[in-house]
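Participant: In case you want the letters, here they are:
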Amino acid sequence: GDSVTQMEGPVTLSEEAFLTINCTYTATGYPSLFWYVQYPGEGLQLLLKATKADDKGSNKGFEATYRKETTSFHLEKGSVQVSDSAVYFCALTSNSGYALNFGKGTSLLVTP
Amino acid sequence: GAVVSQHPSRVICKSGTSVKIECRSLDFQATTMFWYRQFPKQSLMLMATSNEGSKATYEQGVEKDKFLINHASLTLSTLTVTSAHPEDSSFYICSARDPREDVYNEQFFGPGTRLTVL
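Chains A and B supply the protein sequences, listed in that same order.
If you use our numbering, the first sequence corresponds to residues 1 to 112, in order.
If you use our numbering, the second sequence corresponds to residues 113 to 230, in order.
Simulated from the structure, these hints should not be mistaken for lab results.
Please read these numbers as outputs of a predicted model, since none were measured by experiment.
You may find that some hints are simply not true.
To be verified - Straight line, CA to CA, 35 angstroms or less: simulated DSBU-like cross-link-like pairs of lysine-lysine: (1) Lys68(A) x Lys153(B); (2) Lys126(B) x Lys68(A); (3) Lys104(A) x Lys56(A); (4) Lys167(B) x Lys77(A); (5) Lys77(A) x Lys153(B).
Construct the complete structure from the given sequences, taking the supplied hints into account.
Facilitator: Shown next as C-alpha cells:
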C-alpha cells in the first residue's frame with residue numbers, strides 16, 4: 001500500500017541555518033504530495049503542496065519539489081527562524097481516494 | 113481558505129462515559145470528512161472516512177461500536193467515543209474535503225480535540 005517515510009527527528013538548528021527534511025514515498029499511480037505543519041498546541045496547517053511530477057510547492061520561504069524519479073518530496077528552507085519550530089508532516093493522497101497518508105512527523109527546534 | 117471547526121477543544125471524562133466530538137465545515141459543504149487519532153509525538157492515524165448520508169468506512173483495527181461516526185449533514189460530522197477508557201485518551205482531529213478543491217485532493221483540518229479519560 002501507499003506509504004510515506006520521513007527523516008527521524010528531532011532536528012535542532014540555529015536561527016538562519018539551512019533546513020532540509022527528507023521525505024520519500026511509495027504509491028501506485030500519481031499521488032498528490034503535501035507538507036503539513038503543526039505548531040505547539042495547534043492543529044495541522046497545510047504548508048505547501050504539489051500535484052504532479054516536477055511541480056514545486058512553496059510557501060513562507062519553504063519549498064519542496066515533486067521528484068517522481070526518486071519518489072521524493074524533500075522540504076527545504078534557506079534560513080529558518082525561531083517561529084518555524086514545529087512538527088512537520090509529509091503526506092500523500094493517492095489518485096484512488098482522498099484519505100491522507102502521513103509520515104511520522106519531524107520535530108524541528110530552532111534556537112536563537 | 114476553507115475553515116473547519118471542532119468542539120470541544122478539550123474534554124475530561126470519567127471511565128465508562130461517552131463523549132461526542134463535533135466537526136463542522138464553516139464555509140463550505142463537505143461531502144467527505146475524515147477522523148484521525150494522534151498519539152503524543154506520533155503521526156496521525158486515519159480512523160475512518162465519513163461520507164454524508166452513508167455509513168462511515170473504518171480503517172482496519174478501529175472498533176466501529178467503540179467509535180461511532182455520524183455524518184448527518186454536509187457541514188457536520190460527529191465522533192462519539194462510547195464507554196471511554198483511559199487508553200482512549202488521545203488527540204482526535206477531523207478534516208474535511210472541499211469538493212471545489214478536487215484537483216488538489218486537499219483536506220482542511222480542524223484544531224483537534226484533546227480527550228482525557230480518567
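Participant: Are the Cα atoms of Lys126(B) and Lys68(A) separated by 35 angstroms or less?
Facilitator: Answer violated: Lys126(B) to Lys68(A) is near 49 angstroms, above 35 angstroms.
Participant: If you draw a straight line from the CA of Lys68(A) to the CA of Lys153(B), is it 35 angstroms or shorter?
Facilitator: holds, 29 angstroms
Participant: Sort out whether Lys77(A) lies within 35 angstroms of Lys167(B), counting only the CA atoms.
Facilitator: violated, 42 angstroms
Participant: Decide if the proposed pair is consistent with the structure: Lys77(A) and Lys153(B), CA atoms, cutoff 35 angstroms inclusive.
Facilitator: With a Cα-Cα distance of about 23 angstroms, the restraint between Lys77(A) and Lys153(B) holds, given a limit of 35 angstroms.
Participant: Are Lys104(A) and Lys56(A) close enough, with their CA atoms no more than 35 angstroms apart?
Facilitator: Status holds; Cα separation ~22 angstroms.
In the structure shown, a violation is registered for the earlier hints numbered 2, 4, in ascending order.
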